[in-house]
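Full structure from sequences and hints, please.
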Amino acid sequence: MSLLTFIIAVPLAGAVLLALMPDRRERLWRNVTHGALWITFLLAGWAFVSFWLEPGETFRFQQQIPWVEQLGISFHVGADGLNIGLLLMTAAVALAAGSALSEIRQRPRLFNCLFLIMTGGVLGAFASLDVFFFYFFHELALVPTFVMIGIWGRGERRQYAAFKLTIYLTGGALIALVGLVMLYQHTGASSFGMAEMIQEAKERPIPVNQQTAIFGLLLLGFGILVSLWPFHTWAPIGYASAPTATAMLHAGALKKFGLYGLVRLAVPLAPEGLGRWLEIFCLLALGNILYCGWVTMRQRNLHLLIGNSSVAHMGLAFLGIASLSLAGITGAVVIMIAHGLLAALAFRLSGWLEHSKGSAEIQELGGLLSQVPFFGTCLFLALLAACGVPGFANFAGEILVLFGAWDSLPWFAVAGAWGALIIGALYCLRAVSHILHGRVDDRNRGLGDMQSAALKFPCALLIALLLIFGCYPRILTDAIERSVRPLINPASAVAILPPAPETEATNR
Amino acid sequence: MNLSLCILEISVVFLGLAVLLLDLWTPPAGKRSLGYFAVAGLVLILGGSFLIEIPQTPETAFTGLFVHDGLALFFKRLFLLTAIGVLLLAREFAPRIPTGISEFYTITIFALSGMMFAASANHFVLAFVALELIAICFYILTGFLRHRTASLEAGVKYLILGALSSSFLVYGMALVYGTAGSMSLPEIAEATEATRTSPLFQLGMLLILVGLGFKIAVFPWQFWAPDVYQGAPAPITAFLAIGSKAAGFALLLRLNLSGLPMPADLLILIAAATILYGNLCALPQRNLKRLLGYSGIAHAGYLAMGLATGSQAGAEAILFYFGGYLFTAMAAFAVITIVSRETDTDDLSILYGLGKRSPLLALAMALAVVSLAGIPPLAGFFGKFLLFLAVLEQGPNFALHYLLAGVAIVGVAISIYYYFGIIRAMYWPRRTPLTSPIPTHLTLQIVIVISILGMLWLGMLPGYLVEIIDQSLNSL
Chain A
0 MSLLTFIIAV PLAGAVLLAL MPDRRERLWR NVTHGALWIT FLLAGWAFVS
50 FWLEPGETFR FQQQIPWVEQ LGISFHVGAD GLNIGLLLMT AAVALAAGSA
100 LSEIRQRPRL FNCLFLIMTG GVLGAFASLD VFFFYFFHEL ALVPTFVMIG
150 IWGRGERRQY AAFKLTIYLT GGALIALVGL VMLYQHTGAS SFGMAEMIQE
200 AKERPIPVNQ QTAIFGLLLL GFGILVSLWP FHTWAPIGYA SAPTATAMLH
250 AGALKKFGLY GLVRLAVPLA PEGLGRWLEI FCLLALGNIL YCGWVTMRQR
300 NLHLLIGNSS VAHMGLAFLG IASLSLAGIT GAVVIMIAHG LLAALAFRLS
350 GWLEHSKGSA EIQELGGLLS QVPFFGTCLF LALLAACGVP GFANFAGEIL
400 VLFGAWDSLP WFAVAGAWGA LIIGALYCLR AVSHILHGRV DDRNRGLGDM
450 QSAALKFPCA LLIALLLIFG CYPRILTDAI ERSVRPLINP ASAVAILPPA
500 PETEATNR
Chain B
0 MNLSLCILEI SVVFLGLAVL LLDLWTPPAG KRSLGYFAVA GLVLILGGSF
50 LIEIPQTPET AFTGLFVHDG LALFFKRLFL LTAIGVLLLA REFAPRIPTG
100 ISEFYTITIF ALSGMMFAAS ANHFVLAFVA LELIAICFYI LTGFLRHRTA
150 SLEAGVKYLI LGALSSSFLV YGMALVYGTA GSMSLPEIAE ATEATRTSPL
200 FQLGMLLILV GLGFKIAVFP WQFWAPDVYQ GAPAPITAFL AIGSKAAGFA
250 LLLRLNLSGL PMPADLLILI AAATILYGNL CALPQRNLKR LLGYSGIAHA
300 GYLAMGLATG SQAGAEAILF YFGGYLFTAM AAFAVITIVS RETDTDDLSI
350 LYGLGKRSPL LALAMALAVV SLAGIPPLAG FFGKFLLFLA VLEQGPNFAL
400 HYLLAGVAIV GVAISIYYYF GIIRAMYWPR RTPLTSPIPT HLTLQIVIVI
450 SILGMLWLGM LPGYLVEIID QSLNSL
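Note that the protein sequences, when read in sequence, are chains A and B.
Residue numbers are given in numbering that gives the first Met the number 0: position 344 of the first sequence equals residue 343, and the series is strictly consecutive.
Residue numbers are given in numbering that gives the first Met the number 0: position 417 of the second sequence equals residue 416, and the series is strictly consecutive.
Careful, some of the hints might be misleading.
Derived pair list, reagent style DSBU-like, types lysine-lysine, alpha-carbon separation capped at 35 angstroms [as the list claims (entries may be wrong)]:
no., chain 1, residue 1, chain 2, residue 2
1, A, K455, A, K356
2, B, K156, B, K30
3, A, K163, A, K455
4, A, K163, A, K356
5, A, K356, B, K355
6, B, K355, A, K163
Rather than coming from a laboratory, the hints here were simulated on the basis of the structure.
Written out as structure tokens, the structure reads:
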């Protein structure tokens, strides 16, 4: 059994165990849940460290079990630079979200069970090297999300939000599935293995027209999953209505599935298709950055502000992927990890505020930095990270994307990406001044700070990871770069990059 | 003449007669338990079917009317399993039937024999007789609740429209016979190109499609389905949804694989329209059986996608889909049969609070709708996956298939709304007068647990069934 199989199996086994437990043993249920999350996190941490100490040329921690041999589907997990960081991030986010489980008062066992299934699904999706299981695990996480928002969600509109999120995500996943099946059929590989498909496509590239169609489907399908503008509307309301733990895990980890799919499959298998779609892709990503950034500025509710800003942040990751350059894609992967940690942190904080104060309307807030210093400091750091201040992992990713975008993307995309930094700074600083500074609202006088270690630890963990990856990004980038390099097919990259000097010389 | 080939059908008919005879010596109080006898008999026959080997080449009986091969055997096992579940549901349903529970069992068994003959039909005559046997049994069963207008109305509607469709079918068969000179499928398939392209032959095939399209309830021959599903007793609705539909598909597949495919473009249009119609009409439904009726139409559309491919992969996908649909629909109808016991309605509101009243039933229903929606790790997902695979495989040959896949995606996305609405009804906190726990008889608990395990098994370890299907189809 490989380490990764354990990492996926532990939360799922925890869910089954929980379902079989005797009634009315809330303490026991909580211990099982937290135990499963801790084991998962420690295993993922171990995997990350051992990968970092001894990176291999191929996938590490591999395990392959044939599943449906007639169709070439097998359960195949493995880690390389692209997903090892995502796995660690997911495990950390799940562990941090575990601290929000105590907010659930009604039917806690069912909630914990669903949460563990969702965690297992996300980890499985990132660990899978087989296209079928990649999709399978993602969908596994979908139904729990729906039920969690519907039953334990907050606000009047949670029914609407639950249905909207589920319909969007199912539709997006199905569109992506059609693209994936077409990839499988056009590569002529007799297996759903990602490595086999990529190998096959290297030897016999898919014709350009088909690449274009496939990339279009993957862009639309995965785009909906990552809240690509204008298909993003499920995200802010979905997160605002979701219980804290669900919002953290979904916004932090599950949403990165689409980006991961684009990098893992669309970039190596349909690079010329990406070239055909480049302008549209960039325009849509700019929609995320500029339009959603603008929408974020106008938000009056902290949940919605965070939800919208998390949509806006996806734009830069899209641009990084569109650049099809080493720096750009590496940066996109770093953003995925950094944003995962950041989104989880932000939703943890807004969820705590909602839970202890009863609402998260910004106009009722003010002066929280002095009133609740620990919360205030964490939120301050989160907002700094969100506007890309150096020292946080987000900065490392964003700067790499800008470098990557500089000479491979159209001018308007580069300009828009720079604009993103300004817009981000605007709404983050406004939030700081409205929420953290200023006069303390009388209604908040009685608000107590995050006191217990159980509340403080998850925030500290997420901030620490953000800072570690921010101050020493090579922990991530070395491994990512090694894995991205073979994905970028040099032969097709030339078509969309400006001609290299040597070719110009020979032309003359 | 090789009677041993139809040993399964003969046993089923004798079982039906035995139930009818036993009824004479059974006191009224014990008649309900005759269902156990019938189920035991069917279980034995199902077990016996595994002693029958799939022949290397198809074997025929009755001068070629009857064929025994892997496809037929697969469908027969499917029908037997369905009937076992339906009879157990019928036993649960028995107190709601005023008189004649033994006849209810017997006619169900006769309908089963019709389905099994349909699976083996290799000749228009046997196909027509088998279909009529099924249909006449269902006319009676649908209207069995004579004290309820809805049931009677359903029975009469089914009778009139069914008779109409049969006349189309028989007219089509006559036209094909008139041009091709034979009613045996292999012989028709050998007809010359000139014959097969003649307008009369094609009109005949088209009329046959109309007749069979009625049985499987695809657009535009679907309008009987919601009324009949709603009015019929719940076990019979399950039998219609699974068995009767599968019988129609068995015949269409038989035509396909005999080299008499229906035109692909027409099937694509039918499938696309059916998917959209079924899903869109299911959206506003409040009556559970009616909702499942529309959802059944949508599923007929998905299955017709497999037919439209005309390929081996499409046929495999259809067989797998039915395997999954059997467990899924059985779970859903079992829950409806039990829950509607106290309230005597099928409104969605009877599910309110089910998550607390009976966790097992709620879990079964939730898994069933998730499986119907095609979400992993349940059987419905892998079935849809195979269908998509088959349809997209044909895309490069005929671009309309891509459109079909697109329509199917839209359909699935729409269906999420009403399927998850059922989950909402069961689990969301609501005020409802129904709060007492629901007692569930042991046999039905077994049916439900087996259905749940079946859905999970086919969703998580589909390899075994895929292999069986491969073997079944390779014998053709």
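Provide an ascending list of the numbers of those earlier hints which the structure does not satisfy.
none
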